[in-house]
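Here is what each chain is made of, one letter per residue.
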Amino acid sequence: MANQPEYTIALAGNPNSGKTTIFNRLTGSNQSTGNWPGVTVERKEGHFRFADKTIRIIDLPGIYSLTSYSLDEKVARDFLVEREPDLVVVVVDADNLERNLYLVLQLLELGEKVVIALNMMDMAEKSGLQINHLAMAQQLQIRVVPTIGVKGEGIDQLREAIAQRLELPIPTPPSYYGEEIDEALSEVQQLLEQEEKCTCPTRFMAVKLAEEDPEFLARLQKMTRQEEIMEILNRFTSAESDIAVMLAEKRYGYIHGLCRECVQRRGGFSTRVSFSDKVDSVATNRWLGIPLFLFFMWLSFQLIFSLGNPLADLIDKSVGLLSEGLQGILPLVGVHPWLISLLTDGIIAGVGAILVFVPNIFILFTVFALLGETGYMSRAAFVMDRLMHLLGLHGKSFIPMLLGFGCNVPAIMATRTLESRKDRLLTILVNPLMSCSARLPIYILFTGIFFREHQGVVVLSLYLLGIVLAVAMARLFKSIFFRQDTAPLIMELPPYQLPVWGHVFRQAWTRTLMFLRRAGTVIVFGVMLIWLLASLPVGVEYASAASWIGRLGAFIAPVLEPAGFGSWQAAVTLIFGIVAKEVMIGTLETLRVSEEVLRLLFTPLSTYAFMVMALIYIPCLATMAVIRKEAGLRWAVLATVYPLLLGWLMAVLVYQVGSLFLG
Amino acid sequence: MKQLTESLEDYLEMVWVLSLRKGVVRVKDLAANLKVSSASATTAVKNLAILNLVEHEKYGHIRLTDEGLEQAQDVYERHVALNRFFTGILGVDQAIAENDACEVEHHLSRDTFNRLLRFIHLLEQHRNQLTWLSDLENANLDTSDVTLPAHIVTLKDYRPGDSGVVQRILAQGRVKRRLLDMGVLPGESIHLIKLAPLGDPLEILIKGYRLSLRREEAAAVQMKAKAIL
Numbered sequence: 037m038a039n040q041p042e043y044t045i046a047l048a049g050n051p052n053s054g055k056t057t058i059f060n061r062l063t064g065s066n067q068s069t070g071n072w073p074g075v076t077v078e079r080k081e082g083h084f085r086f087a088d089k090t091i092r093i094i095d096l097p098g099i100y101s102l103t104s105y106s107l108d109e110k111v112a113r114d115f116l117v118e119r120e121p122d123l124v125v126v127v128v129d130a131d132n133l134e135r136n137l138y139l140v141l142q143l144l145e146l147g148e149k150v151v152i153a154l155n156m157m158d159m160a161e162k163s164g165l166q167i168n169h170l171a172m173a174q175q176l177q178i179r180v181v182p183t184i185g186v187k188g189e190g191i192d193q194l195r196e197a198i199a200q201r202l203e204l205p206i207p208t209p210p211s212y213y214g215e216e217i218d219e220a221l222s223e224v225q226q227l228l229e230q231e232e233k234c235t236c237p238t239r240f241m242a243v244k245l246a247e248e249d250p251e252f253l254a255r256l257q258k259m260t261r262q263e264e265i266m267e268i269l270n271r272f273t274s275a276e277s278d279i280a281v282m283l284a285e286k287r288y289g290y291i292h293g294l295c296r297e298c299v300q301r302r303g304g305f306s307t308r309v310s311f312s313d314k315v316d317s318v319a320t321n322r323w324l325g326i327p328l329f330l331f332f333m334w335l336s337f338q339l340i341f342s343l344g345n346p347l348a349d350l351i352d353k354s355v356g357l358l359s360e361g362l363q364g365i366l367p368l369v370g371v372h373p374w375l376i377s378l379l380t381d382g383i384i385a386g387v388g389a390i391l392v393f394v395p396n397i398f399i400l401f402t403v404f405a406l407l408g409e410t411g412y413m414s415r416a417a418f419v420m421d422r423l424m425h426l427l428g429l430h431g432k433s434f435i436p437m438l439l440g441f442g443c444n445v446p447a448i449m450a451t452r453t454l455e456s457r458k459d460r461l462l463t464i465l466v467n468p469l470m471s472c473s474a475r476l477p478i479y480i481l482f483t484g485i486f487f488r489e490h491q492g493v494v495v496l497s498l499y500l501l502g503i504v505l506a507v508a509m510a511r512l513f514k515s516i517f518f519r520q521d522t523a524p525l526i527m528e529l530p531p532y533q534l535p536v537w538g539h540v541f542r543q544a545w546t547r548t549l550m551f552l553r554r555a556g557t558v559i560v561f562g563v564m565l566i567w568l569l570a571s572l573p574v575g576v577e578y579a580s581a582a583s584w585i586g587r588l589g590a591f592i593a594p595v596l597e598p599a600g601f602g603s604w605q606a607a608v609t610l611i612f613g614i615v616a617k618e619v620m621i622g623t624l625e626t627l628r629v630s631e632e633v634l635r636l637l638f639t640p641l642s643t644y645a646f647m648v649m650a651l652i653y654i655p656c657l658a659t660m661a662v663i664r665k666e667a668g669l670r671w672a673v674l675a676t677v678y679p680l681l682l683g684w685l686m687a688v689l690v691y692q693v694g695s696l697f698l699g
Numbered sequence: 233m234k235q236l237t238e239s240l241e242d243y244l245e246m247v248w249v250l251s252l253r254k255g256v257v258r259v260k261d262l263a264a265n266l267k268v269s270s271a272s273a274t275t276a277v278k279n280l281a282i283l284n285l286v287e288h289e290k291y292g293h294i295r296l297t298d299e300g301l302e303q304a305q306d307v308y309e310r311h312v313a314l315n316r317f318f319t320g321i322l323g324v325d326q327a328i329a330e331n332d333a334c335e336v337e338h339h340l341s342r343d344t345f346n347r348l349l350r351f352i353h354l355l356e357q358h359r360n361q362l363t364w365l366s367d368l369e370n371a372n373l374d375t376s377d378v379t380l381p382a383h384i385v386t387l388k389d390y391r392p393g394d395s396g397v398v399q400r401i402l403a404q405g406r407v408k409r410r411l412l413d414m415g416v417l418p419g420e421s422i423h424l425i426k427l428a429p430l431g432d433p434l435e436i437l438i439k440g441y442r443l444s445l446r447r448e449e450a451a452a453v454q455m456k457a458k459a460i461l
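In order, the protein sequences belong to chains H and Z.
Here my numbering is used: position 368 in the first sequence is 404, and no number is missing along the way.
Here my numbering is used: position 118 in the second sequence is 350, and no number is missing along the way.
Hints in this document: simulated from the structure, not taken from any laboratory.
All of these numbers come straight from a predicted model, not from anything done at the bench.
A couple of the hints might just be wrong.
Which chain H residues stay away from chain Z? Per the calculated CB distances, all over 10 Å, these [as the list claims (entries may be wrong)]: (1) Thr320; (2) Leu362; (3) Leu366; (4) His372; (5) Val493; (6) Phe517; (7) Pro524; (8) Leu552.
30 Å max Cα-Cα, derived DSS-like pairs, lysine-lysine [to be verified]: (9) Z:Lys439 with H:Lys110; (10) H:Lys314 with Z:Lys267; (11) Z:Lys388 with H:Lys458; (12) Z:Lys426 with Z:Lys439; (13) H:Lys162 with Z:Lys388; (14) H:Lys314 with Z:Lys439; (15) H:Lys286 with Z:Lys388; (16) Z:Lys439 with H:Lys187; (17) Z:Lys456 with H:Lys162; (18) H:Lys458 with Z:Lys456; (19) Z:Lys260 with H:Lys286; (20) Z:Lys439 with H:Lys286; (21) H:Lys514 with Z:Lys439.
All residues carry an ideal CB built from backbone N, CA and C; glycine is no exception.
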């Protein structure tokens with residue numbers, strides 16, 4: 037075992053090329069999921085053995101090109117350039133050859149050892165395509181293995197091809213740029229070689245400069261020969277074209293020729309595409325498109341919350357029972373009350389606070405994997421993009437925003453489908469303004485006491501206020517942080533396909549585990565901190581006016597005075613609401629704030645101001661944890677601070693302006 | 233043909249123009265139309281008569297000789313050719329063109345001027361073969377927007393069901409890179425399948441697959457022609 041040669045290979049391919057299937061087939065259960073360092077792009081890794089070789093395989097994100105358009109492409113490229121895998125397997129959709137082969141050419145240009153997995157051969161055959169993979173292999177000087185991922189066909193041959201290719205030298209890539217461009221590129225290459233600061237392969241860099249890749253143009257800025265280099269590249273610029281266009285033309289031209297030689301069309305027509313077209317004639321229909329989308333959203337919502345909430349309640353109750361049981365038993369065995377409180381109010385409550393999310397999040401990820409695998413996700417973005425774009429967001433932001441009404445935690449995790457980091461950050465930042473279901477009990481309690489007549493309207497107005505503020509804040513953040521940058525929408529609408537349930541659940545489960553691992557620690561820590569504040573100094577009644585949290589509440593209360601609810605009880609309730617919004621109700625109980633006391637502490641107007649505050653003021657701990665995980669600490673701090681200010685401002689505004697009218 | 237001074241050419245030309253307009257030409261009319269004094273006009277006519285280009289008739293009437301007529305027509309033709317070039321091709325306003333034509337005529341060396349005229353003649357002869365001329369004409373309609381004339385057809389102007397071929401990519405930066413990567417290249421055929429329910433984005437068929445892009449991005453894809461399939 038010890039002296040077995042170990043290799044690292046990468047798995048690349050376009051989105052929707054069936055890459056995940058090939059990865060699962062190659063590695064079986066020998067895989068693990070994590071994140072790429074520093075970014076939240078998912079990183080899957082596995083290994084398999086073949087003929088005395090242990091081969092580690094890294095699943096790169098699904099990409100169309102190596103031009104750094106999205107984070108995914110940058111991650112994939114950095115891995116290829118910096119880590120230099122021993123070989124790259126490219127999964128190619130045989131039914132969409134030309135565009136898929138574009139990535140292959142780019143990888144060959146990078147000087148990678150490449151093996152093609154010509155996937156979805158069955159689909160291609162149904163479309164009437166006969167692909168001579170041997171001729172293709174001959175032309176490209178690489179191994180081409182036909183596969184049908186979903187059926188597991190061709191996987192053994194793929195393993196063999198990989199193992200064999202690892203031993204062979206890298207063949208010379210095909211040449212298609214033509215003398216003039218090749219000459220210009222090698223001139224640039226020569227200039228780059230004289231540069232001390234050029235660390236990457238010079239040919240690759242020359243091509244990337246010609247492609248106007250911003251990352252490499254930035255590197256060029258630091259070089260002494262930048263003017264000469266740009267001069268060479270600008271030689272090709274005319275009114276109609278330039279070198280970037282020409283490179284793409286040459287590549288696609290070569291691919292076109294290759295396909296003409298290797299592919300025979302038997303006049304058949306693609307059943308996959310015609311099926312897809314039929315579905316789309318309904319799914320993106322002018323009249324039915326939006327209602328159908330809303331129906332799917334409603335269904336997802338129902339699944340996530342109606343199916344998830346009873347399970348979540350069950351977990352909640354079990355945790356409650358456990359801590360009640362312990363509170364009953366432990367004093368009998370002589371355990372110190374302080375320790376019991378630590379165990380029940382601190383640790384168990386903290387762990388429970390995370391576990392409660394598991395059912396919702398698991399179902400969410402299942403629904404998302406389903407929408408993604410079938411191809412509906414991109415249709416949803418297609419249908420909603422106009423509206424969301426008007427609001428300063430992206431078509432794909434709609435689903436996270438909608439999910440926010442259920443729970444902001446899964447909603448923020450759902451922003452992963454957004455390609456552009458800027459769109460994603462915007463969606464994350466304003467998401468907590470969507471009034472989640474945990475805030476509803478507060479509205480119900482307060483409106484039940486103070487607005488018995490108009491309960492529905494008052495609650496609805498709070499939801500609407502959240503939406504209006506979310507749109508306003510999205511616009512504001514956009515103008516502050518991402519001014520000139522509207523992410524373009526150039527998105528593939530892949531043919532629909534039936535989901536592979538195994539993948540769907542596997543994906544959902546690994547993502548749920550990742551949520552537990554990352555968000556869990558923050559939540560437990562937060563809950564413990566609040567518990568500590570409520571229990572100190574030693575001997576004080578839990579969360580009473582004399583406890584640290586009570587004193588903190590009394591300290592904060594004057595700040596809340598202009599908003600009409602400057603009592604220490606209101607302040608403590610808000611502090612506890614940071615743990616989780618649903619805790620606010622329980623806190624009022626703990627503080628023995630009955631309806632009579634509420635009527636003394638609040639007026640209808642200050643109640644409304646308080647609800648506005650509760651709507652906006654601070655995302656709950658779990659939301660903060662998940663924002664930190666998805667967007668990073670700096671954005672998490674912003675997402676915590678701005679709602680606090682906005683919430684206070686709005687509450688004060690409501691109370692002060694309201695006081696004017698109501699005398 | 234005789235070498236004349238600019239001023240004499242003007243006189244000769246005006247004699248011809250007036251003879252066409254009125255039938256008879258008097259020194260008085262000549263002076264009035266060229267905005268010169270009668271004395272100067274009389275001297276000029278005398279000089280033209282010495283060159284045998286005009287004849288004095290009774291009652292002060294001036295008549296072109298055959299040689300004079302030929303030379304006047306030549307002068308006139310050159311003047312008009314320049315005028316046509318300014319108004320017809322460059323799209324200059326008639327009044328300005330008239331004035332500028334005279335200016336150019338007089339300030340260019342004879343050699344340059346003749347070559348310019350030859351070029352204009354060629355241009356007019358081959359007008360139909362020169363496809364870019366119509367671009368120029370259209371561009372002239374809108375002088376405010378020189379970089380992107382209004383008539384350029386982009387994918388944004390397409391309706392569902394339209395097909396066409398990409399002419400060039402007008403975008404820069406990452407939109408351009410993304411379009412190129414996705415195969416939206418000059419020479420590629422595009423079929424517009426449909427618009428999203430709210431009218432944006434659009435769904436196109438390219439290279440055998442479906443791509444959606446916003447009208448914003450579609451405006452950066454200039455199309456060659458529009459054909460309805």
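Hinted pair Z:Lys260 and H:Lys286, Cα distance within 30 Å
violated (73 Å)
Verify the proposed pairing of H:Lys286 with Z:Lys388, using a straight-line Cα cut of 30 Å.
holds (26 Å)
Quick one: work out the minimum CB distance from H:Val493 to chain Z and report holds if it exceeds 10 Å, violated otherwise.
Holds: least Cβ distance 29 Å, greater than 10 Å.
Can we trust that H:Thr320 is non-interface, i.e. its beta-carbon lies farther than 10 Å from all of chain Z?
Label violated. Min Cβ-Cβ 7 Å, cutoff 10 Å.
For a C-alpha distance cap of 30 Å, please report whether H:Lys458 and Z:Lys456 respect it.
violated (34 Å)
Can we trust that H:Leu362 is non-interface, i.e. its beta-carbon lies farther than 10 Å from all of chain Z?
The assertion about H:Leu362 holds, with a minimum of 56 Å to chain Z.
With the threshold set at 30 Å, check whether the alpha-carbon distance from Z:Lys456 to H:Lys162 stays at or below it.
violated (34 Å)
Could you grab the alpha-carbon distance between H:Lys162 and Z:Lys388 and see if it respects the 30 Å cut-off?
violated (34 Å)
Hinted pair H:Lys314 and Z:Lys267, Cα distance within 30 Å:
violated (79 Å)
Straight-line alpha-carbon gap Z:Lys439 to H:Lys110, limit 30 Å:
holds (25 Å)
For a C-alpha distance cap of 30 Å, please report whether Z:Lys439 and H:Lys286 respect it.
holds (15 Å)
Does the claim that H:Leu366 lies off the interface hold, with its Cβ farther than 10 Å from every Cβ of chain Z?
Since the minimum Cβ distance to chain Z is about 61 Å, H:Leu366 lies beyond 10 Å and the statement holds.
Hints 1, 7, 10, 13, 17, 18, 19 and 21 from the earlier list are contradicted by this structure; the remaining hints agree with it.
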